[in-house]
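Chain by chain, the residues:
There are 2 protein chains.
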Amino acid sequence: MPFQIAIGPNIRKSPFFDATVADGVASFSVYNHMFIPAHFGDPEGEYDRLIHGVAMWDVAVQRQVQLKGSDAGELAQYLTARDIRDTQPGQGKYVPLCDHDGRLINDPVLLKHAVDKYWLSIADSDIALWASAIAAERGFDVQVSEPDVSPLAVQGPKAADVVADIFGDWVHDLEYFCFREAELDGIPLLVARSGWSKQGGYELYLRDASRGTDLWNHVKTAGLPYDIGPGAPNDVERIESGLLSYGTDADKHANPLELGLGKFVDLECEDDFVGKAALREVVAEGIKRRRVGLFLSGGRISQNVHPCPVCLDGNIVGTMSECVYSPRLKKNIALALIEADISDDQKGLAVETGDDPRKANISALPFC
Amino acid sequence: MPFQIAIGPNIRKSPFFDATVADGVASFSVYNHMFIPAHFGDPEGEYDRLIHGVAMWDVAVQRQVQLKGSDAGELAQYLTARDIRDTQPGQGKYVPLCDHDGRLINDPVLLKHAVDKYWLSIADSDIALWASAIAAERGFDVQVSEPDVSPLAVQGPKAADVVADIFGDWVHDLEYFCFREAELDGIPLLVARSGWSKQGGYELYLRDASRGTDLWNHVKTAGLPYDIGPGAPNDVERIESGLLSYGTDADKHANPLELGLGKFVDLECEDDFVGKAALREVVAEGIKRRRVGLFLSGGRISQNVHPCPVCLDGNIVGTMSECVYSPRLKKNIALALIEADISDDQKGLAVETGDDPRKANISALPFC
Chain A
1 MPFQIAIGPN IRKSPFFDAT VADGVASFSV YNHMFIPAHF GDPEGEYDRL IHGVAMWDVA
61 VQRQVQLKGS DAGELAQYLT ARDIRDTQPG QGKYVPLCDH DGRLINDPVL LKHAVDKYWL
121 SIADSDIALW ASAIAAERGF DVQVSEPDVS PLAVQGPKAA DVVADIFGDW VHDLEYFCFR
181 EAELDGIPLL VARSGWSKQG GYELYLRDAS RGTDLWNHVK TAGLPYDIGP GAPNDVERIE
241 SGLLSYGTDA DKHANPLELG LGKFVDLECE DDFVGKAALR EVVAEGIKRR RVGLFLSGGR
301 ISQNVHPCPV CLDGNIVGTM SECVYSPRLK KNIALALIEA DISDDQKGLA VETGDDPRKA
361 NISALPFC
Chain B
1 MPFQIAIGPN IRKSPFFDAT VADGVASFSV YNHMFIPAHF GDPEGEYDRL IHGVAMWDVA
61 VQRQVQLKGS DAGELAQYLT ARDIRDTQPG QGKYVPLCDH DGRLINDPVL LKHAVDKYWL
121 SIADSDIALW ASAIAAERGF DVQVSEPDVS PLAVQGPKAA DVVADIFGDW VHDLEYFCFR
181 EAELDGIPLL VARSGWSKQG GYELYLRDAS RGTDLWNHVK TAGLPYDIGP GAPNDVERIE
241 SGLLSYGTDA DKHANPLELG LGKFVDLECE DDFVGKAALR EVVAEGIKRR RVGLFLSGGR
301 ISQNVHPCPV CLDGNIVGTM SECVYSPRLK KNIALALIEA DISDDQKGLA VETGDDPRKA
361 NISALPFC
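As they're listed, the protein sequences go chains A and B. Under our numbering, think of the first position of the first sequence as 1, with each following residue one higher. Under our numbering, think of the first position of the second sequence as 1, with each following residue one higher.
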């Protein structure tokens with residue numbers, strides 16, 4: 001059932017919008033009040049390129065929330081469930097953000113520029129509102145803003161070659177999540193080793209929205225010898241890799257501990273953070289759910305089935321957030337949040353995908 | 001340039017989604033992380049029905065942020081730039097919400113259920129996060145949540161007849177923005193006299209997501225004698241009527257005073273509210289911009305041109321947020337935020353709509 005998308009004025013266009021249209025974008029989604037390409041008409045080819053070659057993605061929707069001022073570090077830590085006190089300038093960290101009840105409200109990458117300047121490169125919720133409410137109510141000396149910054153991702157096993165051809169071999173030495181300022185033909189940007197896939201790659205944080213098409217075309221040209229092509233954050237690869245999609249996998253009650261993000265939550269952190277007391281209670285009472293992979297029986301599954309109840313003996317014991325057919329595994333795979341006491345070898349699980357129910361077996365994550 | 005929309009799992013489906021698909025929705029947008037129909041394939045017919053007949057719209061995206069607890073009233077007032085202290089249970093009010101810098105962050109309808117229970121029926125930003133941050137940081141005894149509530153709008157000059165045929169003649173006596181609990185074939189709902197048009201109408205706040213198709217079909221059947229049809233919040237009518245679209249007309253720096261919402265801002269309110277001090281400074285320094293209508297010269301304009309600079313003698317003096325062709329006026333009309341000292345009879349204004357610049361003349365709002 002293909003529907004059109006309304007290109008209305010209430011949703012912002014990315015600085016790469018025109019370039020993606022010129023390169024044949026076929027489908028959009030919306031994220032952080034901005035259009036994001038969903039695919040360019042060849043989803044399977046785009047997946048292959050990510051796994052075996054190199055793809056470029058307009059991920060300007062990863063908006064930056066800038067914390068600037070003498071209390072920026074204190075605010076950053078207070079917003080963040082992970083102990084970030086030893087983070088160095090030029091370093092990034094994946095950080096769960098929780099509300100006061102310990103529920104996950106975003107899972108950005110925190111980029112530390114300086115002791116008085118941080119960015120949160122956010123998933124799909126209005127963290128600028130959240131951060132500014134807390135900063136103002138606590139009287140912090142911090143300005144919260146959304147700077148003119150729009151990431152372009154280069155992902156896949158050949159991504160490092162493309163980015164090194166553009167910027168030099170130093171990019172090979174960047175550690176994961178680290179970043180450095182750079183310039184390309186007068187375009188100001190950051191080069192970060194990061195991206196929402198497990199295939200390796202970089203994100204080029206464009207710092208001048210008027211140069212979006214220029215940056216896109218630079219990367220496209222540099223990638224020609226590597227058969228680069230346009231794509232988008234890839235649901236199939238992210239499920240194979242077990243990556244969390246905040247807006248998909250985390251219902252509004254989910255906490256980071258049940259979502260499998262425990263290693264990014266530091267309940268012993270000396271500083272307080274939003275949700276710390278609530279998460280300590282969660283631990284004391286026992287974590288009620290856990291995030292698992294599922295193999296689903298039967299023929300190739302439609303990707304439009306979501307979310308669905310996970311059942312055991314007719315009782316709902318969880319929710320499947322998304323399912324896909326994995327070309328690498330040649331199986332239907334899915335992600336789910338299920339009751340924590342269901343063991344990995346549980347028999348009799350089923351996913352109620354409407355007219356097409358499937359048997360389910362639990363898999364460890366990542367799938368591959 | 002028609003593009004598809006990705007029906008992905010990170011964006012929620014409305015309880016009316018299946019019904020709108022069955023009734024031929026052709027185009028969607030996204031609002032509050034949820035799909036909303038944009039049109040059903042006949043935008044001009046849908047406009048005509050709104051102006052002369054009756055239309056039904058899936059506006060489940062108007063999510064409710066519920067404030068419940070002994071401090072709910074105190075929080076509601078603190079979040080709101082309008083004095084709401086005399087609001088009665090069963091009454092609604094249009095209320096600007098500001099951040100601590102006095103910038104508009106949403107313009108919901110506040111529904112007062114009881115002294116300890118309010119809903120904010122929100123525009124497109126995450127006010128549940130905003131409200132819960134402020135409630136928690138101030139130590140208010142309030143629970144902030146998103147209840148299972150999804151409005152269905154019935155709009156147009158014949159809307160009252162349709163809604164009265166369903167619920168009885170008492171709906172004619174409901175004052176604007178007032179609401180009452182009701183039930184229809186076991187479906188729990190509120191009937192409110194409200195809606196995002198100036199053509200009159202009602203919103204039925206569905207309180208059980210599992211009954212979306214049932215409610216849709218009830219309204220459709222009741223509307224048959226009045227030639228009801230499906231539609232969506234209508235950009236042409238809202239510009240003719242001068243209605244504010246928060247995500248479209250308010251850039252991230254805009255305050256409610258320059259947006260023309262001054263009559264809903266009570267700077268003399270005895271209670272404090274977020275942004276009050278900042279807005280007093282705005283008044284003291286003089287309001288810098290104002291919201292106006294524009295007539296644009298030339299042939300029928302494309303609706304896809306937005307936002308565009310408004311220029312005077314080659315200098316940018318404002319931003320046009322959206323333009324349409326008005327069938328009632330047989331003219332191109334637009335909304336803009338311009339410098340406050342530009343007078344209504346200013347000559348020489350132009351809107352730089354890319355390849356197709358237009359001369360502009362200021363109009364009072366509403367246009368019609």
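Bear in mind the hints are in silico, worked out from the structure with no lab data behind them. A quick note: this is a predicted structure, and the numbers were derived from the prediction, not measured. Among the hints, a few may not be true.
Pairs count within a copy or across copies, as identical chains cannot be separated in the list.
[As the list claims (entries may be wrong)] Straight-line C-alpha distance at most 30 Å; calculated DSSO-like pairs for lysine-lysine:
(1) K93 x K13
(2) K331 x K13
(3) K198 x K263
(4) K68 x K288
(5) K330 x K276
Hint check results:
1. For a Cα distance limit of 30 Å, the shortest separation of K93 from K13 inside one copy, 27 Å, qualifies, whereas the shortest one across copies, 32 Å, does not.
2. Taking identical chains as interchangeable, the C-alpha atoms of K331 and K13 lie at most 30 Å apart only when they sit on different chains, with a minimum of 27 Å there against 36 Å within one chain.
3. Only within a single protomer do K198 and K263 lie at most 30 Å apart by alpha-carbon distance; the minimum there is 18 Å, versus 53 Å between protomers.
4. Taking the shortest alpha-carbon separations for K68 and K288, only the inter-copy value of 26 Å comes in at or below 30 Å, while the best intra-copy value is 38 Å.
5. For the homomeric pair K330 and K276, neither the shortest alpha-carbon distance inside one copy (41 Å) nor that between copies (60 Å) is at most 30 Å.
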